[in-house]
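Chains A and B are the protein sequences, given in the same order.
So in full-length UniProt numbering, spot 298 of the first sequence is number 298, and the numbers just go up one at a time.
So in full-length UniProt numbering, spot 1 of the second sequence is number 1, and the numbers just go up one at a time.
Don't read these hints as lab results, they were simulated from the structure.
Among the hints, erroneous ones may be present.
One copy or any two copies: either way a pair holds, since identical chains are not told apart in the list.
[Stated by the list, open to error] Under the rule of at most 27 Å between Cα atoms (straight-line distance), these lysine-lysine pairs were calculated in the DSS-like manner:
no.: 1; residue 1: 356; residue 2: 8
no.: 2; residue 1: 356; residue 2: 5
no.: 3; residue 1: 141; residue 2: 327
no.: 4; residue 1: 327; residue 2: 304
no.: 5; residue 1: 141; residue 2: 8
no.: 6; residue 1: 257; residue 2: 295
no.: 7; residue 1: 257; residue 2: 304
no.: 8; residue 1: 8; residue 2: 99
This is what each chain is made of:
Protein chains: 2
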Amino acid sequence: MDDIKRLKVHYPWIQTPLIVSAPMRLIALADMAVEVSKAGGLGFIGSGTNQTNLASDLQSAQSLLRDSDIHSSTLPIGIGFINWGAHLSTTIPLIQQYKPCAVWFFAPSTPASLQAWTEQTRHASPDTKIWIQIGSVAEAKDALAVHPDVLVIQGTDAGGHGLAQGAGITSLVPEVIDTVRTMCPNAKPGSLAQAPIFLAAGGIAESRGAAAALCLGVSGVVMGTRFLASNEANITRGYRDEIIRAADGGQTTVRTKVYDILRGTTGWAESHNARGVVNRSFVDAQGGLSETDNKRLYKVEEGKGDVGWGVEGRMTTYAGSVVGLVKEVRASADIVIEVREGAREVLRSLAEHVDKSRW
Amino acid sequence: MDDIKRLKVHYPWIQTPLIVSAPMRLIALADMAVEVSKAGGLGFIGSGTNQTNLASDLQSAQSLLRDSDIHSSTLPIGIGFINWGAHLSTTIPLIQQYKPCAVWFFAPSTPASLQAWTEQTRHASPDTKIWIQIGSVAEAKDALAVHPDVLVIQGTDAGGHGLAQGAGITSLVPEVIDTVRTMCPNAKPGSLAQAPIFLAAGGIAESRGAAAALCLGVSGVVMGTRFLASNEANITRGYRDEIIRAADGGQTTVRTKVYDILRGTTGWAESHNARGVVNRSFVDAQGGLSETDNKRLYKVEEGKGDVGWGVEGRMTTYAGSVVGLVKEVRASADIVIEVREGAREVLRSLAEHVDKSRW
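Bound-form chain A, shown alone:
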């Protein structure tokens, strides 16, 4: 539980187990990040590949936090980057100015690029902690080169982008933790060789999944899909309704590059794709419709507004396989509290049965 103590030193306002809102590009902005942190979690702005709005998003967050009772030497929200497309030189001055409590790095184009982002961030804002998202044991080993403070271990059930091939968190998380701990054998507090703090992402939308992740050895959990159905998500009604509707996500979501192709989101490495709800675009692509025709139909659908989403629609609904557990729109703060307290209750209740030998 030393990791819990370290988390509380880094982020004195949090309650544990830590609940984090994922840095969903275009969707997770200042509102969501601030509400999550104010509820004792840690909220992220999804800055993605384009930092044009980052300064104003950070200013909004700062302004929204002005009347909060969070006391921290850093801005108590994080920023998430998709590093292959993000702009280092324009970002570093903002990190220096706003001192976010965390930066979340994902999918850098090269190890050297990750090194540059990490070093320049640490130089610009020494208290900003470096979070790195990985999706395999191999990626976790590679990430250790930059001594991350936090490793976000993303399982293949996650919505949106991640490794095309992967395992669920029950397989992935324990193996990553065992491997990394073996590679950091002389871990001492404050030492750079200290193992990172571990968080789990992918396949968690409520208290049972959060409690399960804690059993796997992490100190907290990241949720994306759950926060798509929150008051603070910057999302169309069509997208949000589809999140509420979709069920049986193992059958109705799929990992694919089709949605990136239609949306013109080029730049992702061959190793990565994204999970979204199966819709007409995907079915047509499977049926052999050409990219050109599929893109044309997508463009037409864009003009239709909210009806463009759904099984017969063509607009993209990125979501995790856990989408079937998301059944209502809630305030982000309520989600944080419900999952955190719910996870504690799941563990308390199970342990009681263990102790009373009813098990």
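Keeping the supplied structure of chain A fixed, place chain B upon it in accordance with the hints.
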């Protein structure tokens, strides 16, 4: 926890949480099944599609159990069937004669076939409980038609055969449980409308994964890959060594039909495939090698013995994405005890931190 009580009524020798060895075809025979049950778990013979050896396997089990201290009205092991290929008429007399404590049904060709297996089993041996393996919410709903006693919820991380599309257990298990419980609203003990007992399979090989599964709401866990590396597995040295060697299973295992094609295992529905370790056969198939040539090379490799397994080999290593957590060969009984006690300890330790507000 009523489900735990029901399990203990059905299977008075078990200790909880229940640890089950999967009915792996050709690999899980009387030795493994008996050792697992003697250790307080529940072991299965993997009878698969071919019941030629079932009578002698059951006789072996009965003989091995003769000196055990298990007292049960049924034979305290189960039998697993792959129903699309299994022979109902020759099986029922064996069920009547040996009264296994459980039959595990999987992948029936039609709902009517599942109905026939279930009804004839119940008629032949009323105390034999009906277990049904499902891999989606849709399959779980369908299975309720035959009032299963146990639903085995298999996540896509599982090794060997299952649904080609699927979710990990953190997404799948809670949604299945919620859906099934909603469909069995008037559940009363002893009533046929009672919800089944839930178990999880896929992505569990040790105590952390088992504890995680319990948080998701199941009463016990099924492991396959972990028991491949047991003293009692009927497995070649080459296969077993490959299980111990393989790591980072999200990257090094894959769900595919290629291995079935090479082995001539026809009969599986289009909806199903199997997860195995990536080898030369798979890479060649991806590279465009014809089925005919790939089969020819497979046949040649079959003559080479244990060296036919491995990354450069062509023999099939069915395994789950959890394969990287399996690092040594153990006695099946020791695996059962270690995972069961370990899971209890994980839960006890986490709950202690919750209670002491260290969390």
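Cross-check of the supplied hints:
In the homo-oligomer, the alpha carbons of residue 356 and residue 8 lie at most 27 Å apart only across protomers (16 Å), although the nearest pairing inside one protomer, at 32 Å, exceeds that limit. For a Cα distance limit of 27 Å, the shortest separation of residue 356 from residue 5 across copies, 14 Å, qualifies, whereas the shortest one inside one copy, 30 Å, does not. For the identical chains of this complex, residue 141 and residue 327 are inter-copy neighbours only, at 19 Å across copies versus 37 Å inside a copy, given an alpha-carbon limit of 27 Å. Proximity of residue 327 and residue 304 under a CA criterion of 27 Å is satisfied intra-copy only: 25 Å inside one chain copy versus 55 Å between copies.
In this assembly of identical chains, residue 141 and residue 8 lie within 27 Å of each other by CA distance solely inside one copy; the values are 25 Å within and 44 Å between copies. For the identical chains of this complex, residue 257 and residue 295 are intra-copy neighbours only, at 13 Å inside a copy versus 31 Å across copies, given an alpha-carbon limit of 27 Å. In this assembly of identical chains, the alpha carbons of residue 257 and residue 304 lie at most 27 Å apart only when taken from the same copy (23 Å versus 40 Å across copies). Proximity of residue 8 and residue 99 under a CA criterion of 27 Å is satisfied intra-copy only: 18 Å inside one chain copy versus 57 Å between copies.
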